[in-house]
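Protein chains in written order, with the numbering used here: chain H, 4 to 304; chain W, 4 to 304; chain Y, 4 to 304; chain S, 4 to 304.
Accuracy of the hints is not assured; some may be wrong.
All copies of an identical chain are treated as equivalent in the list; a pair is satisfied when it fits inside any one copy or across any two copies.
Said to hold, decoys possible - Straight-line alpha carbon distances no greater than 20 Å define the calculated SDA-like cross-link-like pairs of lysine to any residue that follow:
hint, residue 1, residue 2
1, Lys98, Gly40
2, Lys98, Leu7
3, Lys98, Thr278
4, Lys95, Glu281
5, Lys98, Arg271
6, Lys95, Glu23
7, Lys234, Ala177
8, Lys234, Leu118
9, Lys95, Ala299
10, Lys147, Leu303
11, Lys234, Ala181
12, Lys95, Asp58
13, Lys234, Asp182
14, Lys95, Thr235
15, Lys95, Ala126
16, Lys95, Glu288
17, Lys95, Ala129
18, Lys98, Asp231
19, Lys234, Pro77
20, Lys98, Pro134
21, Lys98, Pro57
Simulated from the structure, these hints should not be mistaken for laboratory data.
There are 4 protein chains.
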Amino acid sequence: MTQLHGVVPPVCTPLTPERELDVRSLERLAAFLIENGMHGLFVTGSTGEVAYLPDETRYRALEVVAGVSAGQVPVLAGVIDTTTPRVIEHAKAAKAAGADALVATAPFYAPTHPLELPGHFRAIRAAVDLPLIAYDIPVSVGHKLPTDVVVALTEDGTLDAVKDSSGDLDGLRALLEADVPVRCFSGSEVLADVGLFLGAHGLVPGLGNVDPAGYLRLYEAARRGDWDAAKTEQTRLRGLFRLIHVGDGRMGRYSSAIGAFKEGLVARGVLAGGTTSEPMIPLNETERDAVRQHLAVAGLL
Amino acid sequence: MTQLHGVVPPVCTPLTPERELDVRSLERLAAFLIENGMHGLFVTGSTGEVAYLPDETRYRALEVVAGVSAGQVPVLAGVIDTTTPRVIEHAKAAKAAGADALVATAPFYAPTHPLELPGHFRAIRAAVDLPLIAYDIPVSVGHKLPTDVVVALTEDGTLDAVKDSSGDLDGLRALLEADVPVRCFSGSEVLADVGLFLGAHGLVPGLGNVDPAGYLRLYEAARRGDWDAAKTEQTRLRGLFRLIHVGDGRMGRYSSAIGAFKEGLVARGVLAGGTTSEPMIPLNETERDAVRQHLAVAGLL
Amino acid sequence: MTQLHGVVPPVCTPLTPERELDVRSLERLAAFLIENGMHGLFVTGSTGEVAYLPDETRYRALEVVAGVSAGQVPVLAGVIDTTTPRVIEHAKAAKAAGADALVATAPFYAPTHPLELPGHFRAIRAAVDLPLIAYDIPVSVGHKLPTDVVVALTEDGTLDAVKDSSGDLDGLRALLEADVPVRCFSGSEVLADVGLFLGAHGLVPGLGNVDPAGYLRLYEAARRGDWDAAKTEQTRLRGLFRLIHVGDGRMGRYSSAIGAFKEGLVARGVLAGGTTSEPMIPLNETERDAVRQHLAVAGLL
Amino acid sequence: MTQLHGVVPPVCTPLTPERELDVRSLERLAAFLIENGMHGLFVTGSTGEVAYLPDETRYRALEVVAGVSAGQVPVLAGVIDTTTPRVIEHAKAAKAAGADALVATAPFYAPTHPLELPGHFRAIRAAVDLPLIAYDIPVSVGHKLPTDVVVALTEDGTLDAVKDSSGDLDGLRALLEADVPVRCFSGSEVLADVGLFLGAHGLVPGLGNVDPAGYLRLYEAARRGDWDAAKTEQTRLRGLFRLIHVGDGRMGRYSSAIGAFKEGLVARGVLAGGTTSEPMIPLNETERDAVRQHLAVAGLL
């Protein structure tokens, strides 16, 4: 895990029309991502609809992906729940299901003070012996993970990495400037090149499900310091990312984005169907056409 | 449920020092609340540390309280989770454990659009045949439940009641003015008299664990239109409620409040101990003394 | 000023079609409000479009109203600007123009720490010898005025009163419970009865321009403890207040509300026209009709 | 103005101990900045304490700087006030005082809808014939300037440039990608290199008062595509920027930052004193020492 780097997409969770886990589609998706050079797979993240999946579906999805990977790339498991005791239950199950590392947010729903965050992450780390990645996602938990907390938790060996979905590039930079061995991953689809410019070790782009090769090119250009190439690829991916707006006005942005990613994977022949979880509103035919148009423009069909 | 009214405290969940459910203490607490005239009991709400309890602890707590009540008063179960499929799992378990009604929030963690809220509540109501109470708690879910959504969901029979912890009295009033049979409960400890003044059907005060008789007096004064008596009682309870600040500066307000409620119940001889869940910071001896001082001043010791 | 009480509407500022001060209309409005029993007049408040008025228009409006009042009722002047030195300039001009008291907010635009608020209000009070009223309006300045700051500033004689437009009734109550002689005015049109129920000394309702008699009835009912009558009047006024939504969808809520108040005064024969300041979007004919409908339903035409 | 580019610092406004404009110090500061290669000077911006300056001080400061510049570099004037009519008064005075361009924010204090923003900027542009720069500063006005509004206002010739102090690099990028000739300036001290990496035309760093040469080196490195040099300079400037925290805990961040900039200029021999406006809390001796330490570490003393 001290070498974790590169593009680690948050894997979509395919569902059957009855909203059961579509195992075959998930196997195809995991293989598709590995074949396209992804450096790791992040299962049951926000893009994987973790907040919508019953426990058994979460763990089964993890087993499926771990089975396909079979050690080729590290498999990270989102252990997303409101507070420490509930997260620890997920962490134990994730380890049993084959996770190589855990990804946990700060507590949510229950208002939690910065002074209480160290105890949260330390208890998770103490309960399950796997590398631990802090997931900094203010839009979901209501506050940013303070830089000094992450630094302290890295110094004492609790945290190995951070997935930064905060949008706060100054905070990301402060963390990268701190003299601690925390590995930083940008969760942004649209400022991925900037994250790498600042020194991030890798990317966790939801759009990487649909266009893994694009993010790989972007990452490799950045690694060799070819910033013009990285920016050019980022510009193309920014254009493609507009597919998340196909449902604007008729549903929430999350329904639209997850629906669009899944529909993109259907269009590319990876998933059998684009069903999303309740209460997300499904894309209609017009919106699904629009997704395919976006992929065509981006040269993916 | 069409008659649900009165003081329905969100029952604390007593824990052993090892953070297991303290069944004996919970039995005593449920009995204490019923003996003090509470009109219902709300199990696994925010005050009940629902966000911290593993599933089995949630359901066992519910069974214990339902067993003590044995039909004396309605038992409401908080079915608190991020989205519809996970809430429905809790709802089924809650029905099996003896709940008389369910209390569900809007989705959280996963950003959800107002257009997606009706589908959420309707799916819960369709999956489990129990009265459904919407829990409006912006501090935890990030947004207020729109009045027009609640009105529409009452009109179609999805919702029976609302627990309003939004602090938005104009919104509560708008709901009470709407021509729908939704029953409204104020979640405020400190503006309970105002909620009843506006026409609310009842109260869900966390502090009601510690001083159920006080909230009963307040409620009964309001019922007979004796607003001076209601205000006098509210003023006394506002003073007592300051106990939630005993841990200020050393922990979050939630750790301080839940710790103080539990310590108050220890001081009153109801709970065996005041242990709270991780990652809440426990009260220290000075803070526990301060809680007892507050109870002494309020005439409860 | 230690006796300030009752209904003190924030007076609309009538404009000619060229957006100059319409002195005749303002004279009629001031007379109309005094004749209808208002206990004071608050000039250049938010409802008076203070944030849109050039300095000379502000001071002229104040002179006009002070001239009409001629000592019949106290005239309060909003001295609204970003920080202390600019507020002090307005305060001096307001005293010269005949103000009996000043109404000042916390600083805005420039981020200001609670530790800096006492210096702000003390410097204003020291610079101009008039009673000072703190205007608590988080929607405009970005944060609520902390109760302990108001208490300290009352104890040292800086503040005489507070106009509470925060919507935080718990905060209002905390202030009323504090053992200081601060006089509290609720800025809410729709929870005016609740403010008085909690002990507020008076009301500052923008809708009081349109229906001063209604707020007077509400206030007098509350004064004699007839809460049923107060609530009945409040319910009627809540219905009338819906006129602020006539422009919804086509403009901001402020354009719609100020436009509707002014149009209501045109319909009642008080103002010559309903022109509002730039960049507010003017009501169209359909919207103006809707305002008149609201007044008709409320029995005001 | 279609060529405006480079480093355009928001000039501090020196004050005498009596809080009058310190003309001599301002003359030295303007000369110091021009000598250090600044490409323009932005007078009466947030760093210039515009929100604290009486009108006459604002206009006099502008005259002084325009006089020193005497056409060597463009002089931009912040015309900062709550709404259109008040901004237009400042705009006229700024033109008379020698401004080459105007910088205006969206309305603040008065809640303003996105639909009302175009009218605001168009009215300013129509009233005073000078190039107009939109100042996007959510921390002060409460909301971000929507990209589509800026695009539309550029297309119709209203806006020439944007000063982006929003911290939203995705928004900045979207604007730079739009096919309109708007010139973009980053207001960030700590992500200036990133702004230029994304294609911004220039920088408006408050810290540029203290270390203009540093920002010039950063800008020139970026211009020639030497991103490693740009990042190295940015890292040094990020270290220096920590001087804004010298007052943390004893005052607001704005008092601390403005006080530190001014004290840094005193240490460099440019200003006679570091007095700031009311109600800002002045730095004490310990804090002023800390500022000098920061400058020493950065090699500026």
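Now the hints, each set against the structure:
1. Lys98 to Gly40: neither (24 Å within a copy, 48 Å between copies)
2. Lys98 to Leu7: Intra 18 Å, inter 45 Å, cutoff 20 Å: intra-copy only.
3. Lys98 to Thr278: Classified as neither; 28 Å inside a copy, 29 Å across copies.
4. Lys95 to Glu281: Close across copies (17 Å), not inside one copy (26 Å); limit 20 Å.
5. Lys98 to Arg271: The answer is neither: 32 Å in one copy and 43 Å across copies each exceed 20 Å.
6. Lys95 to Glu23: between (23 Å within a copy, 18 Å between copies)
7. Lys234 to Ala177: Answer is between; shortest inter-copy Cα gap is 13 Å, intra-copy 23 Å.
8. Lys234 to Leu118: Result: close neither inside a copy nor across copies, 39 Å intra and 33 Å inter.
9. Lys95 to Ala299: neither (42 Å within a copy, 45 Å between copies)
10. Lys147 to Leu303: Classified as neither; 35 Å inside a copy, 34 Å across copies.
11. Lys234 to Ala181: Between copies, since 16 Å is at most 20 Å while 26 Å is not.
12. Lys95 to Asp58: For Lys95 and Asp58, both the intra-copy (12 Å) and inter-copy (15 Å) Cα distances are at most 20 Å.
13. Lys234 to Asp182: between (28 Å within a copy, 17 Å between copies)
14. Lys95 to Thr235: neither (42 Å within a copy, 44 Å between copies)
15. Lys95 to Ala126: within (12 Å within a copy, 30 Å between copies)
16. Lys95 to Glu288: Neither: 41 Å inside a chain and 34 Å across chains, both beyond 20 Å.
17. Lys95 to Ala129: within (11 Å within a copy, 33 Å between copies)
18. Lys98 to Asp231: Classified as neither; 41 Å inside a copy, 41 Å across copies.
19. Lys234 to Pro77: Cα proximity of Lys234 and Pro77: none, with 27 Å in one copy and 32 Å across.
20. Lys98 to Pro134: Within one copy only: 11 Å inside, 38 Å across.
21. Lys98 to Pro57: Cα proximity of Lys98 and Pro57: in one copy and across copies (17 Å, 18 Å).
Consistency with the previously given hints fails for numbers 1, 3, 5, 8, 9, 10, 14, 16, 18 and 19, ordered from lowest to highest.
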